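One line per chain: the protein sequences are E and B, in this order. Numbering follows the numbering used here, with no gaps: position 38 of the first sequence is 38. Numbering follows the numbering used here, with no gaps: position 339 of the second sequence is 339.
Derived by calculation from the structure, the hints in this document are not laboratory data. Everything numeric in this text was worked out from a predicted model, so none of it was measured. Keep in mind that the hints are not guaranteed to be accurate.
Taking CB as the label site, the calculated pair distances span [to be verified]:
#1 E/Asn-152 / B/Ala-411: 20 to 30 Å
#2 B/Ile-291 / E/Glu-27: 22 to 32 Å
#3 E/Ser-42 / B/Ala-411: 23 to 33 Å
#4 B/Leu-299 / E/Glu-27: 44 to 54 Å
#5 B/Arg-334 / E/Arg-226: 35 to 45 Å
#6 B/Ala-411 / E/Asp-185: 29 to 39 Å
#7 B/Ala-411 / E/Glu-27: 12 to 22 Å
C-beta atoms are modelled at their ideal positions from N, C-alpha and C, and glycine is treated no differently.
Here's the letter readout for the chains.
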Amino acid sequence: MSSNHVRQAGPIMIDIENITKDYVMGEEIVHALRGVSLQIRSNEYIAVMGPSGSGKSTLMNMLGCLDTPTSGRYEFNGRNVSAMNDDELAAIRNREIGFVFQTFNLLPRADSLRNVELPLIYAGIDPETRRERAARVLQDVGLGDRLDHKPNELSGGQRQRVAIARALVNDPSIILADEPTGNLDSKTGEEIMALFENLYQRGHTIILVTHEANIARHARRTVHLRDGLIESDDGDFGGIGILPMEDRLEADATL
Amino acid sequence: MKRFAYELTESWKIAVAQMRSNKTRSTLTALGVIIGIVAVTLMGTAIAGIQIGFDKSMAVFGDDVLYVEQWPWKPVDDWWNYRDRKKIKTEYAEPINRIIAATPNSNLVEAVPTSSLIRSVKYADNEVSNVLIRGTVSDYLITSTFDFKEGRFFNELESRGGANVCVIGYDVADALFPSDSPIEKSVLINGQPFKVIGVIARQGTFLGLFSLDAIVVMPLPAFQKYFSAKSDSDILVKVKDKTRLAEARDELTGIIRRVRALPPEKKDDFSINEQQALKSTLDPIKNSIAIAGLFITGLSLFVGAIGIMNITFVSVKERTREIGTRKALGARRRTILLQFLIESTALCLLGGFIGLTVAYFTCTGIGKAFPSFPIHFSLGLVFVSMIVSILTGLFSGFAPAWTASRLDPVAALRYE
Ligand SMILES: Nc1ncnc2c1ncn2[C@@H]1O[C@H](COP(=O)(O)OP(=O)(O)OP(=O)(O)O)[C@@H](O)[C@H]1O
Ligand SMILES: [Mg+2]
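Isolated chain E, as found in the complex:
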């Protein structure tokens, strides 16, 4: 089965060190993240797991440049994200990151094609190229015959495919999916996971958040969070650096 095949990971793409995130709720301060360090290489496929409230979504928002950490260092492709302003963050989100949400978050009145075109508009791509690329990506996710369907004319699984196409259309460095199968039945969920597997095999970098072990098993590396801290990370090699590729393959095989 191809899903056991581990592709060679590339250079370090995401490097976070001792990230914390506090939320002030009136008198009380919620420590959503208490010091998380993580290195992610390109072409990794990572599942983030952990109990509810452990900070998974907070971490994903941080990685996706939607939010900035209270303290800690974040480098994305060698650039210091913590020091970026709103517009620079928006540009990173637009070009480098593809978001897939649990609730799909499609624009209700726009058809599939227009939904997928959206990131390209913000990237300043001309209309023809936009249409062409959006149509091609929709084709790739198996929705070539649903270009002019509005979200309410699509099934849940199809909606999530549109959302994945939207995440892919600007050719991002990384795909972040927060419980992408959370609103889907298990069969449709598996179909979506097959799509992610396919993307991974084609060289995409994927991080997904999930509660379910049989979803997480699709990933090649699993990070467990608890109370805002990393509890375990089977891809973390003690921070010494990354093992030579052959050793990693062994390490993965022994799982």
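Knowing the structure of chain E, use the given hints to seat chain B with the ligands on it.
Below, chain B with the ligands alone, put in the same frame as chain E:
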């Protein structure tokens, strides 16, 4: 730059889609702007109408004619100083014209004497009262332009000889001769018959205060023969180059002082009036009426704008998650700001367009029903209304759009 254009078209599409999907809400909100624009536009047409009437009234005086009179054309505090001034006499015209002729490069053309009083005019059983009876010379036509409905003005011969002929205004002709032509008929003034040789075309009113058509003009010698006692006399002087009015004025002042033999140490005991000075006296009054009118109607537009602001706030609230999604996909603050500004502006433009259409038909309606009502609908007004609509849209959309653009993406995505 290109991206801005794409974002603009995108925003415009969203705005149209948004209005389509919320038809009732959009219409009701736009109603406020519609009413506001109708009010402002109608007020604008009225002001334009007043302005045109004002200019027309002013044109009666001619912009190249100086009026030598006892009183100035402006309110005075020390009226007693003016009351005791020596009267202006029609006889001045002759020496003035002699001096003008003797002055090389004079900026003046000719002086025309006039003398006027109010009397009633009779024909058979018909009578018009409060008619301005004016005696003058045939050259009166160079200072006062008017068209003739029929007949002609008196010629130099009739003017000199003081023939009992007269030219009557439109109102006088209308009242005395409702069904037939007044030409060659004799009207009675002070029991004295004057043969009508011309009828002046309708001139309208002066600032809506009194009719310019209740007038009878006759040769000066005839006038003096019968009415000289209580009449007021002025000298009208035509100017050669109206761009050099001030010089002409100075020249004329010197001439009048000479004619009246005024010693140098004495101040002028006469006034030289002109259209421009009158205009600058009346302009502030007219302008404050216009400003007050626009301000009051502007309030209704303001209320409409608040309505748009409100609905845009609602729209931002409703679509908080959408805003979060857009931000996650790379929309910048400016993009979101633009999107909601365009939404509110589109609404206002729609309202403005409908309002303008309503105002146009109202105007044409009023114009047909009451021809004398001063309204004037112009292309400039259309332009201004559209600009005002856009400004209203920007004004009312700014606060909500700003709020939307400042939303924290994570909070917006979490919003239920
Ligand atoms: N905007 C916020 N204001 C206050 N507290 C917050 C906010 N967002 C998250 N938190 C808190 O931070 C902690 C981590 O939340 P987070 O959403 O990251 O959890 P999670 O692991 O994604 O949980 P779930 O599996 O239920 O989605 C929680 O205790 C939550 O209450
Ligand atoms: Mg979560």
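These are the hints, each one checked on the structure:
At about 26 Å, the beta-carbon gap between E/Asn-152 and B/Ala-411 stays in the expected band of 20 to 30 Å. A C-beta distance of roughly 55 Å is found between B/Ile-291 and E/Glu-27, which places it outside the suggested range of 22 to 32 Å. At roughly 30 Å, the beta-carbon separation of E/Ser-42 and B/Ala-411 lies within the given 23 to 33 Å, and the hint holds. Our hint of 44 to 54 Å for B/Leu-299 and E/Glu-27 holds, since their Cβ atoms are close to 46 Å apart.
Between B/Arg-334 and E/Arg-226 the Cβ separation comes to about 40 Å, which falls inside the hinted range of 35 to 45 Å. Distance hint check for B/Ala-411 and E/Asp-185: the Cβ-Cβ separation is about 30 Å, which falls inside the suggested range of 29 to 39 Å. For the hinted restraint 12 to 22 Å between B/Ala-411 and E/Glu-27, the CB-CB distance of approximately 20 Å keeps it satisfied.
Checked against the numbered hints above, the structure violates only hint 2.
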